[in-house]
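Asks: Below, each chain spelled out in residue letters.
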Amino acid sequence: MTRSRGAAPGATDAADSAPRRPSLRLLAVGAGGGAAALQSVRQWAAETGAAFEYTPDLPSAARRLAAGACDVVLLVLGDRADEELAWWADAVRGAPQSPRLIACVQHASMGLVLRAEKLGIVDLLSLPVSRDALTRALERLRAATGETGIPLPAADPTATGQYALVGQSSAMLEVYKLLARVAPSAATVLIQGESGTGKEVVARAIHQQGPRAGSAFVAVNCAAIPENLLESELFGHEKGAFTGAVTRKPGRFELAVGGTLFLDEVADMSLALQAKILRAVQEREIERVGGGETIPVDVRLIAATNRNLRDAIAAQRFREDLYYRLAVVTIELPRLRERGDDLLLLAAHFVHQFNQRYAKSIGAISDRALDVLRQHDWIGNVRELRNVIERAVIVATDATLRVEHLPEELRGEEAALPGAAPGGLMTLAEAEARHITRVLAHTSGQISAAAELLGIHRNTLTRKIREYGL
Amino acid sequence: MKVEQALELLPDLEALAPLRALLFSISRTDDRGMWASAGPYLTVGKRDVSPAELRRQLNRAVRVVTDHVQKLFTLYVDALEHQEAGDSRAAVTALLAAGRLEERLGRLRQAESWCAVALGIAAGLQDRRPEVEALSALGRLCLSLGRYEDSARNYQRALALAEAEFDQAGAIAACLGLGAVALERGEWTGVQAWYNRGLRQAEAASDGGMLGRIHHSLGELARRRGDATAASEHLRQARERLEAAGDEQEVARVLNTQGQVDAALGRGAAATAAYREGLAWARRAERDHGLEVTIRLNLSHQHIDSGQFLEAEEEIRRTEQVAIGASLTGRLVQIYTLFGRLRGRQGEDTGFVFFEQALELARQLQCAPLVLAQVFYEYGVFKEALGQAEEARAYLERARELLEATGGHAELERVKAELERLTA
Chain E
187 MTRSRGAAPG ATDAADSAPR RPSLRLLAVG AGGGAAALQS VRQWAAETGA
237 AFEYTPDLPS AARRLAAGAC DVVLLVLGDR ADEELAWWAD AVRGAPQSPR
287 LIACVQHASM GLVLRAEKLG IVDLLSLPVS RDALTRALER LRAATGETGI
337 PLPAADPTAT GQYALVGQSS AMLEVYKLLA RVAPSAATVL IQGESGTGKE
387 VVARAIHQQG PRAGSAFVAV NCAAIPENLL ESELFGHEKG AFTGAVTRKP
437 GRFELAVGGT LFLDEVADMS LALQAKILRA VQEREIERVG GGETIPVDVR
487 LIAATNRNLR DAIAAQRFRE DLYYRLAVVT IELPRLRERG DDLLLLAAHF
537 VHQFNQRYAK SIGAISDRAL DVLRQHDWIG NVRELRNVIE RAVIVATDAT
587 LRVEHLPEEL RGEEAALPGA APGGLMTLAE AEARHITRVL AHTSGQISAA
637 AELLGIHRNT LTRKIREYGL
Chain F
21 MKVEQALELL PDLEALAPLR ALLFSISRTD DRGMWASAGP YLTVGKRDVS
71 PAELRRQLNR AVRVVTDHVQ KLFTLYVDAL EHQEAGDSRA AVTALLAAGR
121 LEERLGRLRQ AESWCAVALG IAAGLQDRRP EVEALSALGR LCLSLGRYED
171 SARNYQRALA LAEAEFDQAG AIAACLGLGA VALERGEWTG VQAWYNRGLR
221 QAEAASDGGM LGRIHHSLGE LARRRGDATA ASEHLRQARE RLEAAGDEQE
271 VARVLNTQGQ VDAALGRGAA ATAAYREGLA WARRAERDHG LEVTIRLNLS
321 HQHIDSGQFL EAEEEIRRTE QVAIGASLTG RLVQIYTLFG RLRGRQGEDT
371 GFVFFEQALE LARQLQCAPL VLAQVFYEYG VFKEALGQAE EARAYLERAR
421 ELLEATGGHA ELERVKAELE RLTA
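Protein chains in written order, with my numbering: chain E, 187 to 656; chain F, 21 to 444.
Extracted from the complex, chain E is given alone in its bound form (with noise of 0.2 Å):
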């Protein structure tokens, strides 16, 4: 939601002539001889109700920021327009009041509307700045004042902590009756699933419903070892065993005896590690890296792993042998996407949470935010919904989270949704910038990869990331 304020005095020449609408504190930065470009926005912008204050000077805008005199900024943007607005998203980012961003440039390539979307910027202007331009941006602005709240539902009372297991659609019920099944026995698990869409959660819950839920839960990151360590922090070392090795220290195998041993991110260990687990796993025994001694460890293993372990096992990166050991039973977690209304139900559980660690009181969320929400990929499923629910908590002053309060990479994709893009649908070739920038990112912006993704050549996709500018 827009917010209202009165204008600050002696700051601004803003325009009383606009009551009905809520009063938006306008900061111009015309840095580089854009102060020209900028002289009819200040008219413009009292007439549409907004209090403008204008600075030529990047420092003292710094300065305005720090203090929260300015819900929008309205910058122009010279020749390094890219970096000037990553710099400008960090710079709003950290000031009070998560002022919004709308930039003006000379020349836009569609790459550089792309990213500013991205960056959540509410519009890209073209230079010179038009009225009908800028009243749209700043009508855009004002329309989130029409969010209505819906309460959240309460919180399961039984899920609590940070490893709660939340939700109730039909993939997760599947879940729910393999680990009750699998809990009991012995039996050595692997969970499979996308990143963040919580192994560790079941691992854990698959541990305390068992019989050594009295014992420790050991958990190894092995995608987060380095190489050189990871025999080490597993097996354990003894004092001088390697440069480093300053004290005695027992493995992970070892402090996990008597209770479960998580093997997170298992298939990102080396092919000659994977043979000391295998040994370990099937003599139930092991060797502090420096020491001779035999240690009999009895743990129940559980490993977890976001890739699939046959093509790893076929590319010959993962041992087929230590597969079959792991994958006695296998859980399989659904993506966030296919998990319907337990969007809603996690979201409410972490604002449940989040309120307690941040003393706030939020019962509600807004229907816009809710739809940012439901539209979004999620590729980092409930972890990335996590992280965005607490970056809300942290910044909302009332009680509904609001589209304002989401992370700017989130309220860009507000402009996709239903009713929001005033400029009406979209051109084929900017469905076609689109696609190609998802593409890339999902390549890590590697060409040949997102080309053969795209079904077409190499060059031909060099060519067109050129004439879009991506």
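These are calculated hints, taken from the structure and not from any lab test. In this text, all values refer to a predicted model and were calculated from it rather than measured experimentally. Be aware that one or more of the hints could be misleading.
The list that follows gives simulated cross-link-like pairs (lysine to aspartate or glutamate, EDC-like), each with its CA atoms no further than 16 Å apart [what the hints assert, rightly or not]:
id, chain 1, residue 1, chain 2, residue 2
1, F, 22, F, 34
2, F, 22, E, 413
3, E, 304, F, 51
4, E, 425, F, 411
5, E, 650, E, 618
6, E, 435, F, 421
7, E, 435, E, 424
Each pair of labels, with its calculated beta carbon distance range [what the hints assert, rightly or not]:
id, chain 1, residue 1, chain 2, residue 2, range
8, E, 265, F, 224, 37 to 47 Å
9, E, 634, F, 305, 34 to 44 Å
10, F, 34, E, 444, 47 to 57 Å
11, F, 264, E, 293, 29 to 39 Å
12, E, 507, F, 71, 45 to 55 Å
13, F, 125, E, 478, 45 to 55 Å
C-beta atoms are modelled at their ideal positions from N, C-alpha and C, and glycine is treated no differently.
Using the hints provided, position chain F relative to the given structure of chain E.
Replies: Same frame as chain E, but now just chain F:
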């Protein structure tokens, strides 16, 4: 392929340093990687690198290296020609310029070699100003390398010569250098004396920019001594003079120090505002990535200290991106140390991966002992917070050994205090 796997194939040779820097700068991580459970522990070693991309970028990297070598060779030939023509002063200038080129790339030991050769020639000249310049350059380099005694010796000689020659600029630079050495050693009275001496000379010369810099240094001294009032007053004067002199980068540095003063007083919002304005000034000046990294690191510190872990995480990731993009590999040591500190505050024991990465980078890049000592200190504090007292003590002892060897007294006191606390 991961960077850590790619590095296994790269011998630890000085000549390959630009290739290593290229490997880091083209490494990437995708959005999925960031959201994986290992995402919060991602370091440069775990980023992806594509051999095909590396091959595509090779020419660019080779060109940068060739340009640098060509400039060095040209300066050497210039020096040779000047020497042959009997113009030793010009020869010294060329050799010092070569040293500055190396210094700008962070090749401090190589820079030192050039300056040492320059000093050898300068010492034989009747005009002592080139010798003052060479000695000041060596003083600065030794200070950056953490060799405080060598640094002080060079600056002392520079000062004596400059005063004898009525070289005011040289004398002021030497006073500032001596103050900076004393500052690192925690010799507060000495610092004050050197800066005051520099201040008097700068006032006599009516050099506004230099006065601004000295007030900044005095502000930094007051900050370290915990005198916030004096610090703020010096910083105000520094800013006034530097803004008038149009020295935008130095204004950014002053604001960075002001942010630290505010942070120490618990004025979080004011500190954040000062850092943000500092970034704006730094952006207005010619882009200095090193300065940007410094300010962002302090901003991240501020977020950690005020318990704003999400903000801290985002800011450190941005800082990492700036450092990797600008090939400031050495700064990654500080960045990962800070990341480790953040994870420690969050009680996450897997945070040790950041300290290990920092130590690995410090080893590869042959970082100064002071830098290494800071990593060991923070690693010790991290282990202590996790209740691993024996390991904590081992790391703190290592930090103490390094600091005792280099003479970094201010840091040493901090380490000793931590060790005493651990014993108690």
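Asks: Now, for every hint given, state plainly whether the structure supports it.
Replies: Now for the hints, and whether the structure bears them out:
1. F:22 x F:34: 22 Å, violated
2. F:22 x E:413: 10 Å, holds
3. E:304 x F:51: 13 Å, holds
4. E:425 x F:411: 11 Å, holds
5. E:650 x E:618: 9 Å, holds
6. E:435 x F:421: Violated. Residue 435 of chain E to residue 421 of chain F sits at ~23 Å, over the 16 Å cutoff.
7. E:435 x E:424: Answer holds: residue 435 of chain E to residue 424 of chain E is near 6 Å, not above 16 Å.
8. E:265 x F:224: 37 to 47 Å: Given range 37 to 47 Å: holds, Cβ gap about 43 Å.
9. E:634 x F:305: 34 to 44 Å: Holds, at about 39 Å.
10. F:34 x E:444: 47 to 57 Å: 51 Å, holds
11. F:264 x E:293: 29 to 39 Å: 37 Å, holds
12. E:507 x F:71: 45 to 55 Å: Roughly 30 Å apart at Cβ, these two residues miss the hinted range, so it is violated.
13. F:125 x E:478: 45 to 55 Å: Holds: the Cβ-Cβ distance is about 48 Å, inside 45 to 55 Å.
Of the numbered hints listed earlier, those contradicted by the structure are 1, 6, 12.
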